[in-house]
Amino acid sequence: MSSTLVDDAASGSARLRDLRSVGRAQATVAGGQILAGAGNLVFVALAARVLDPSGFAQVATFVALLALVNLPGAGLAAAGAAGPERSGLLARKVAVVSTAAGLAVALLCVPLSMVLDLPIPVVLAVAAALPAAPVLGLRRGLAYAGGHHDAVVKSLLAEPATRLVLGLALGSLAGPTGAVWGVAIGGWCALVAMGSPASVGRHSRADGPASADQRASAGTALTGLAFVVLAVLQHQDLVLAHRVLDGDAAGAFAAISAIGGLVAFATATLPMVLLPASRRGDVGALPVALAASVGCAAAAVLLAVVAGPLLVTAIVGSRYSDIVSLVPVYMAGMGALGVARVVSAHRCGRGDARAVVSVAIGVAFVQAVSILTWARTPGEVVAASTLPLVAGAAVLSLPVPSLDRAGERLLVRARRLAATPDARLLVALVVVAIAIRSATERSLWVDEAISIRQAQLPFGAMLDDLRHTDVHPPLHFVVLWVSVRVLGTAEWAVRLPSLLFGVALIPVVFGAARELFDRRTARVAAILAVPAPFLVWYSQEARMYSLFMVIGLAGIWAQAVAMRRGSTGAYLAWAVASAGLVWTQWFAFLPLAVQQSVMVVHLVQRHRQGDLPPAVVRRWLGSIGVTLLLVAPLAPYLADQLASYGERGAGLELPGSAGTDASTVAEGLSVYAALANGLWAIAGYHSDDVMVRLGSVWPLAMLGCLLVLGRRLRFTSHLVLAVAVVPALLLFVIAHSKRDLFELRYFVLSAPLVLLLVARATTSVARSRAALGGLVAGLVALSSLALVDQQLNGTNPRLYDFRGAVGAIESTAGEGDVIAHSPEYLDGVLHYYAPDMATAGVADVDPAEVEGQIYVVVTERFLTPATSGPLGDELARLTQARGAPERIERPNVVVWRFS
Amino acid sequence: MTRLHAVDDPVDPRLRPPRWTAEAPPAISRVRIALTGALGLVAVVWYLTWLLHPERVGHPLLFVLLVVAELFNVAQAIGFWWTVARGRARPHRVRHRDDAIEVDVLIPVYGEPVEVVEPTVAAATALRGVRARVALLDDGGSADMEALARRHGVRYVRRTVHSGAKAGNINHALGLIDAPFVAVFDCDHVPAPDFFERTLGHLDDPEVAMVQTPQWYANADDNDVADAAAAQQCLFFGPIARGKDARGAMFCCGTNMVFRRSALEDVGGFPEDSVTEDFQLSLALHERGWRTAYVSEVLAQGLGPEDMASYASQQQRWARGCLSALPSALRSDLPWRTRIQYVLSASYFLTGWTVLLYMSLPLVRILTGAQPVAGADADQFFTHFAPYFGLALLMVAVTGAGAYTWRAFAVAFASWWIHVDATIRVVRGRPGGFVVTPKKGQDGPQLRAVWPSLVAMGALVSVAAIGLVADQSPGTLNNVAFASVHVVVLGTGVRSAVRPAARASAAGGQRGRVEAAA
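Residue numbers (the working numbering), protein chains in the order written: chain A, 1361 to 2259; chain B, 77 to 594.
It is worth saying that the hints were derived from the structure and are not from the lab. Heads up, a few of these hints could be off.
[Unchecked claim] Computed beta-carbon distance windows for the label pairs:
id : chain 1 : residue 1 : chain 2 : residue 2 : range
1  : B       : Ile542    : A       : Trp1852   : 47 to 55 Å
2  : A       : Ala2208   : B       : Gly451    : 52 to 60 Å
3  : B       : Ala450    : A       : Leu2145   : 30 to 38 Å
4  : A       : Pro1993   : B       : Gly478    : 27 to 35 Å
[Claimed, not checked] Quick look at which bits of chain B chain A covers, simulated, 3 or more residues with Cβ under 8 Å:
id : stretch
5  : 350–360
6  : 458–467
Just so we're clear, the structure is a prediction, and the values are computed from it rather than from any experiment. Glycine is no exception: its CB is placed at the ideal position from the N, C-alpha and C atoms.
So here's chain B without its partners, still in its complex pose:
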């Protein structure tokens, strides 16, 4: 099934066969997912009917906050299950060689190293099945990039006015090209030679505006941060993306996709006023009645963030963009199923608030004695909470088929502050500008990228110690245990930023190999 340039022991990991497949699991797994989801629903009802009872109200404010957080998470969990429950693979529509078809292949660049871009350009020129016209859209004005384009015989496009970030760059290029189909690849994503053979067939349907394919971080094996990010991507581009596609709500993800030019023109090109232009574009396309398709085959391999600063930068952009798009999604003129899908995706970036609350509750309990739930002993709480928690985890494990890892969870958990920060910025109307995710990791500790989590850890450890000194009652021990869980998860999440060695020496080796290849 691997269609990339499989090279024996290549120096660039993007040229190795991918170790992950986004394809749908066998039928038995779908039964397992359905069963787990059904049990999970029972557990949700079991927990909420116990929690939402007047007797349970402890500290009123804390109780309300807890209920809101739990309802939000329950909504996300149900939405997740609803999405993944129909995660079937789209039937293959392979289009064989047809040189009459022209496709413009756009590779936007903004200051990335040549050694990262060159394999992408080289692979783009080798795309088969169509007449591919490759254009390198250099917003950084780099002479090296111009030389690179010349070296590979591709069109070099440089703007004089740099507006609209990536969206502006692509829109500018759209004015210079005229092929009926337009493919976009981030400069670090190396497409497989048969990319168009596997995707263009879906555009035979005149109502389909865009075909998206998965993103896979080929450096996942060489770097802990990239590994965690890749695991998160696997969950999205695996069961979630398949589910969204089945429900007609797959949105554009910025790279590894091919558009119908007429559809892009119909919505006026990429929106330039959003940091998540792809999300907004998809919303606009769906509102205009276009449909989207998702091909669950790894047809391009990229590089994931190699350090926490890069990861945080990427997450901040996604969080701000999606949260700023949330009102649009809520107001959109879409079928309710599609709208809910958009709302679920955008509102995911509010999860950090619930994490903040969960971390705060043990602190408040230890310091003040106030707690949200009353009228229940530990036995009851454990009885009602444990199935809910356990089945939620099981759902993720089963649907992700082992792709979603502890490290991915920890890194996501430690990103709580990004969601909080993004929400505040969006509410204040300052979502910020487009920031390109760095394609190369940096050496040395990156405490600034994780400082809120470090502060949270410090607070949790300090308060837990104070609590233990003051009181060793079961109630205190229970809250100290909760605090300890948070500390361990946060610690794992920020480890790569605090100890650069933890990002794995392979990261350096990886860069070295890419540079050597260049």
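Next comes chain A alone, as it looks inside the complex:
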């Protein structure tokens, strides 16, 4: 008993000593860091007075560039602190890479100076500073690991000291160039102050448990990555705010960031000191670091609350007094970041770096998306920046060991998958698919221009516009809205989401085919999907069809998994995909109804066979419930659209049926129209002439029917067949009362499903490897031929060259010219390509009032018997007033130029 008491007392005493030691270390380094920050602040303040404004701007830019260069340094410092035993090789690599980078910058100083708008000596100073920064980061990390906190403090102080002495001296002598060289030399001085690598390494302690060492060693790289992401998280809001805010507002947020950033700066060293301690298993290290971090943040917030105006005025001047109320909030966010870094360091030290990386990336993504899509004022940016940080800190603070295990499992599976031939095939196919889908481009057409116009509206206004003028659910438009905010409205930018979804369809086709059929069919299906003309076409169109196909096929994939294995995850995925489909296009109800019908039949069959556990029924009903729950918010939206649709006269004026007459030859609906739609799904869009010829070989389809004789279709085949065919048949029947509705775009999911069936038939027919290879090669060749014709043949009825037409107009247009158009809804696309020219419906143009030329743009395919007559009258009127026009023709677009 007495012995135990003595042991406990000794143990408690040791713990207390450790706690004091850790506290002292944290205080020492944090003190150095704060002093260094103060020194840097003084340097900036003095430089602003010594240099003229343009010179100071150069120094500020240089410092910003240096911060960028130091980004990897943050990761290296953490990596060094987490895994000093692996630092030898790492240090050499870092030295080589950073030196090479410095040399590259030096060699490219001329073009870089032009791009950055900086004098060449300043760029050379960047090159000079570059090799030191990463090495300095790594050395500091090693010093943290070795407990050389004095060396760290010396290094921290050496940098501002050099800046203040040498930088200011050189600045006063040689202007901004001298100042930046002083700053660059400051980095080298900090490195020198750290001491030699040998001395750092000699003092490194590796006295922790062997298992902890192994864990930390394994997580070194991830630790580095985690702290790089955290560094990005610290700075990205400023960059993003600069993009989404106007000049003054951006300046206001920069001021908030500068003040709030002090908290992040002050707490930056806490995790570095904590990392090696956590790695060693020091029990008291985390509470000390957390207390320091929370205390620092609380003090800063308190200061901002109590003396906000004074603080703001002192640091950024009185012109930013409006931000006073926002500073405490932002400081709290930065405090949360500090806490998150401390918790991250602890988890990394305990070998849990993967979870940290996952959470940090997630928070960074949410923050970026929030700022880009929502924040439009400094206050909103602060909220969008702060809330994810607080949430991230909370998540990281939760004891979630399963997160790491789940991540590990995912990683193992991903590695296994990446090592398979299928993965290599898919990567190759995706690359080829990107190349094919990027190789050709075409003008935007009417629907795309309408979507772009809508996506340029403020978010709420866009939804209102969709609610009252459109006939689609909002998901695609939300994606496009984000794309427009981030990338702008260039053709490639608005079509990028469709391209990404179109490319994503390749692996989804593979996965679905593998689940529905087998691996052989999956490979063939993925190969056939790459040059499939229809899939390529909608990967290049800024509309929702590409998204619809990928979600729809993923849903069928999930359903197949659910039917086979009955897992909750599969049912959930199916439910989410089903809801996503409805959020993309209202016609989703058709395939979803068919999918559910197939499911009912499947369950009834299982029930008859006595193989239907109640849990399966519960999961199925649950998935329907989840779908309904996710779709329910769309109900009022749909009601509004239906009301507006009715008021507009059932949408007869919409160009929804544009191009539907291509190759259907006969007017109205016919079986041949159904055949044409089938051909589109397989062979893409072609001129009427080609379509008639393709349609004439329909007897070959008899072969397809004969080939399936005697083949027992599995339930998965029934599922694919039903979802591919039944919606089309239903629309065919419905279209007898409204012709526009029978159009492949409205049962677009049939296209990838037909492709799956073709792949299945191919693998069924071709038993030998050689036969399969030959057949697939033949199909790919035919598909490629069809693709070339679709993409390059100007007689393709879906190709509307508005860009070319406007280009022709602009080559002769002058002041006061007007573009008249028919039909009315061409205004969007014409405005897109000719934003500076006046546009009007042809009936609204009075030739007497137009000083310049009148260009009448017409797409004859959009004309109906009801509109072609009035157009002829208008053209006659203009001819009477201006004389015979010049006719300019572009694919499916005609321009009459009245001089």
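Based on the hints, put chain B in the right spot on chain A.
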């Protein structure tokens, strides 16, 4: 349900459990069949009312030929549906062991290998439930066969006068035996031990003259030709035979059957003047008021033709026999339902003429521009023809429950010339003699067995190429597509004859196993 000698991994496929059952599908399938048939009838009306219109007459002769062909096929299709619509299974009448009952089991032989015959003889001696007296009727006069009979303790019968082929052989044996029931098995058909337990109960009805059971080719898995032939048999011995039985028109199929001796004596035994003695015998029995029964259980397993020459030989015999029996069927004194059933079965072998016409139409169109149908665009033709074609195929698929395959269709399609040849021979009064279907396949290409189809393929390919060079109009492309369909189907049908490897190496392996077993 398997009652054969199920042996673990037997060397002879006839001793493995059969992978096909002839039993009636569940009620839901019957509903499906009825629904498909009803829709098919609508499609037939839809097509014919469109086709049989004065405006549609293009080239008058071609139009008439097309209409005749279509009406023939429609009649066959309606007959098929009418037959299979009542394809219920006959209730089981199991008769348990009764050694007092004597049955003569006849196994006619004519030059077949011993290794093929021996399992049949061995299985016949193991038939249970009755006192079976097995007789090997050797028309080939083989000493090996005599030794085989001795080895298994069965009666060996050898004729001095070889007249009447198989029918003559059996009639000769009938004079030597006296049991009240007579069972006949082809020498390659191995009966299950409970064959009589499952069949004799139906002969309790004194009006029943004969009980037929299905033929199943056990080598279907080992050989492409046998596989195709088996698939064709499945369609017949599945829905068609059940339907014929339900309509009282099931006829004797030459093997795997048991007769009432008195019925045979009533009609004077097997007719010896026909190459399809079984068909003629059945006709005679029905005319005399006897009834027949069909037990849709696989109670014997045989060997299907293993090469195209064997297949063609078998088909030629059936085609000539049935077509020569067609006048008898038409003239017969039978209830109209039964008579129609006989006419449908016999006239099936005229189908090759329609195939010949369908193959000729694209050629004529491409070479001369003449076509049977006018006053309609491709849209209209497709609209009216596609449902008819699609539902006809669906009917076959649904009723066959997946047993009838693409290969079976292709091989039947490529046999068009056999029907044409048989018709000409029958019309000329030279139907030919009985030819035993070879029980062993031969190595090497068998171009002679398929040469008419090869010529047709050559003509179709050549004319299609000429057409494509001369004109790429939609009309030409449409006919080239039709020609291509025919080429692909014919090509699949003759593949086994042109490329022996396509018959599957398993065929050789199969023979080797049978020989090894012997």
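Quick rundown of the hints versus the structure:
{"no.": "1", "hint": "B:Ile542 with A:Trp1852: 47 to 55 Å", "result": "holds (49 Å)"}
{"no.": "2", "hint": "A:Ala2208 with B:Gly451: 52 to 60 Å", "result": "holds (55 Å)"}
{"no.": "3", "hint": "B:Ala450 with A:Leu2145: 30 to 38 Å", "result": "holds (33 Å)"}
{"no.": "4", "hint": "A:Pro1993 with B:Gly478: 27 to 35 Å", "result": "violated (46 Å)"}
{"no.": "5", "hint": "350–360", "result": "violated (count 0)"}
{"no.": "6", "hint": "458–467", "result": "holds (count 5)"}
The structure shown violates the earlier hints numbered 4, 5.
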